[in-house]
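Here the working numbering is used: the first residue of the sequence shown is 1, the next is one more, and so on.
Please keep in mind that the hints were generated in silico from the structure rather than gathered at the bench.
Check before you lean on any hint, since a few could be wrong.
With a straight-line Cα cutoff of 20 Å, these simulated SDA-like cross-link-like pairs (lysine to any residue) come out [to be verified]: (1) Lys-45 x Ser-91; (2) Lys-113 x Arg-166; (3) Lys-33 x Ala-94; (4) Lys-113 x Phe-274; (5) Lys-113 x Gly-97; (6) Lys-45 x Gln-87; (7) Lys-107 x Leu-227; (8) Lys-45 x Ser-190; (9) Lys-144 x Leu-290; (10) Lys-33 x His-44; (11) Lys-235 x Val-111; (12) Lys-107 x Ala-265; (13) Lys-107 x Phe-274; (14) Lys-39 x Lys-235; (15) Lys-106 x Ser-95; (16) Lys-113 x Ile-251; (17) Lys-144 x Leu-70; (18) Lys-107 x Gln-87.
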Amino acid sequence: MLENLILFYIANRLYPHVNAARAKGLNPETKSKIIKNTKAMITHKIGAVVIFGTDNLLIAYFVGAAAVGLYSNYTMITSGLNGIYGQLFGSLTASVGNLGAVSDSKKALPVFKRINFAGSWLYGFSTVCLVVLFNPFIALWVGKEYLFNQGIVILIALNFYVTGMRQAALTFRDAYSLYWYDRHKPVVESIVNLAVSMVLAAPLGVAGIFIGTFVSTMATCFWIEPLVLFQYGLKASPWPYFKDYAVNSLITLLTALIVWSICAALPGSGLPSFAVKTAVCAVAGNLGYLLVYRRREEFRYFVELLVSQFVRKGKPL
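Take these sequences, add in the hints, and give me the full structure.
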């Protein structure tokens with residue numbers, strides 16, 4: 001609260017014209033739109049807490065507190081990655097919002113494609129690394145007795161992937177304030193998640209709960225969020241987006257299988273083995289994306305962007 005009060009004071013000193021504009025008041029239509037979207041946003045926030053906050057409760061109830069302890073080792077890593085990537089996508093929201101305010105949807109669509117391309121590669125590569133390196137890292141960190149089996153590890157990585165693939169669409173949704181159009185989605189998603197998780201928890205244990213999270217995401221967020229964004233924000237067909245999603249998912253699957261096979265055949269154990277596997281993930285984990293995407297306009301854009309950061313008029317910066 002103190003920080004916000006200080007910022008409020010500084011903003012009033014630097015931008016006194018804002019107070020003059022505020023004294024005139026908002027027109028009823030704008031005020032109604034803000035209130036409506038704020039209510040819908042609250043629903044989305046509550047839904048997110050229910051979806052991502054109930055897994056531990058369900059695991060503790062159906063499996064046991066010990067499994068929650070094991071899961072916390074994995075969530076510490078995925079939460080760290082999501083925190084870093086969340087900062088990256090969150091920093092784009094203001095720029096995207098400004099783009100939507102001053103430009104038409106035709107100019108916003110290429111920007112979305114570039115952000116979605118970067119997010120797809122980033123989360124795809126990270127998922128490959130999680131599938132291959134999750135258990136070796138935790139074995140080095142806390143010991144082999146604190147590991148889940150590889151099937152559960154794949155489910156954790158899968159949920160990380162499908163959640164990450166939503167980030168570009170969510171960034172644009174937040175920037176465009178499109179909360180109202182899918183306001184019922186969090187409720188349906190929460191119900192599906194709890195229902196499937198509770199049904200599958202008894203026969204499958206922890207795996208059943210993670211399957212419930214995956215099913216709820218694919219049954220709601222996977223298709224509703226892009227449809228809302230493309231219909232009301234970008235005003236374009238969503239089918240190229242779903243095509244790119246399928247292609248990236250296939251590349252991620254094949255890359256994970258190849259990298260996993262290579263690393264499984266490597267001899268040795270301990271830190272040297274983990275270092276070698278990490279190097280294999282870094283190289284082979286990106287090679288598939290590079291081969292498939294090297295001709296994409298979005299790939300050329302980021303290559304040119306990176307080059308421009310190191311070279312200016314033929315001279316190193």
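Taking the hints in turn, this is what the structure says about them:
For the suggested pair Lys-45 and Ser-91, the alpha carbons sit about 19 Å apart, so the restraint of at most 20 Å is met. Note on Lys-113 and Arg-166: the hinted pairing holds, with a Cα-Cα distance of about 13 Å set against a maximum of 20 Å. Straight-line distance between C-alpha atoms of Lys-33 and Ala-94 comes to about 19 Å, which keeps the hinted pair within the 20 Å bound. For the hint linking Lys-113 to Phe-274, the alpha-carbon distance of about 35 Å lies beyond 20 Å, and the restraint is violated.
As the CA atoms of Lys-113 and Gly-97 are separated by approximately 16 Å, the hinted pair is consistent with the 20 Å bound. As the CA atoms of Lys-45 and Gln-87 are separated by approximately 17 Å, the hinted pair is consistent with the 20 Å bound. A distance of roughly 19 Å separates the Cα atoms of Lys-107 and Leu-227; the hinted pair therefore holds under the 20 Å criterion. Distance check on the hinted pair: Lys-45 and Ser-190 sit about 12 Å apart at the alpha-carbon level, within 20 Å; holds.
For a cut-off of 20 Å, the pair hint linking Lys-144 to Leu-290 is broken: about 34 Å separates their Cα positions. A C-alpha spacing of about 17 Å is found between Lys-33 and His-44, which places the hinted pair at or below 20 Å, so the restraint holds. Using a Cα cut-off of 20 Å, the hinted pair Lys-235 and Val-111 holds, with the two alpha carbons roughly 14 Å apart. Taking the CA atoms of Lys-107 and Ala-265, the gap is about 48 Å. The hint is violated against a cut of 20 Å.
Taking the CA atoms of Lys-107 and Phe-274, the gap is about 45 Å. The hint is violated against a cut of 20 Å. At roughly 24 Å between alpha-carbon atoms, Lys-39 and Lys-235 are farther apart than 20 Å, so this suggested pair is violated. Note on Lys-106 and Ser-95: the hinted pairing holds, with a Cα-Cα distance of about 16 Å set against a maximum of 20 Å. Between the alpha carbons of Lys-113 and Ile-251 the distance comes to roughly 18 Å, so the proposed pair stays at or under 20 Å and holds.
Of the supplied pair hints, the one linking Lys-144 and Leu-70 holds, its CA atoms being roughly 11 Å apart against a limit of 20 Å. About 24 Å separates the Cα atoms of Lys-107 and Gln-87, which puts this hinted pair outside 20 Å; it is violated.
In summary, the numbered hints that this structure violates are 4, 9, 12, 13, 14 and 18.
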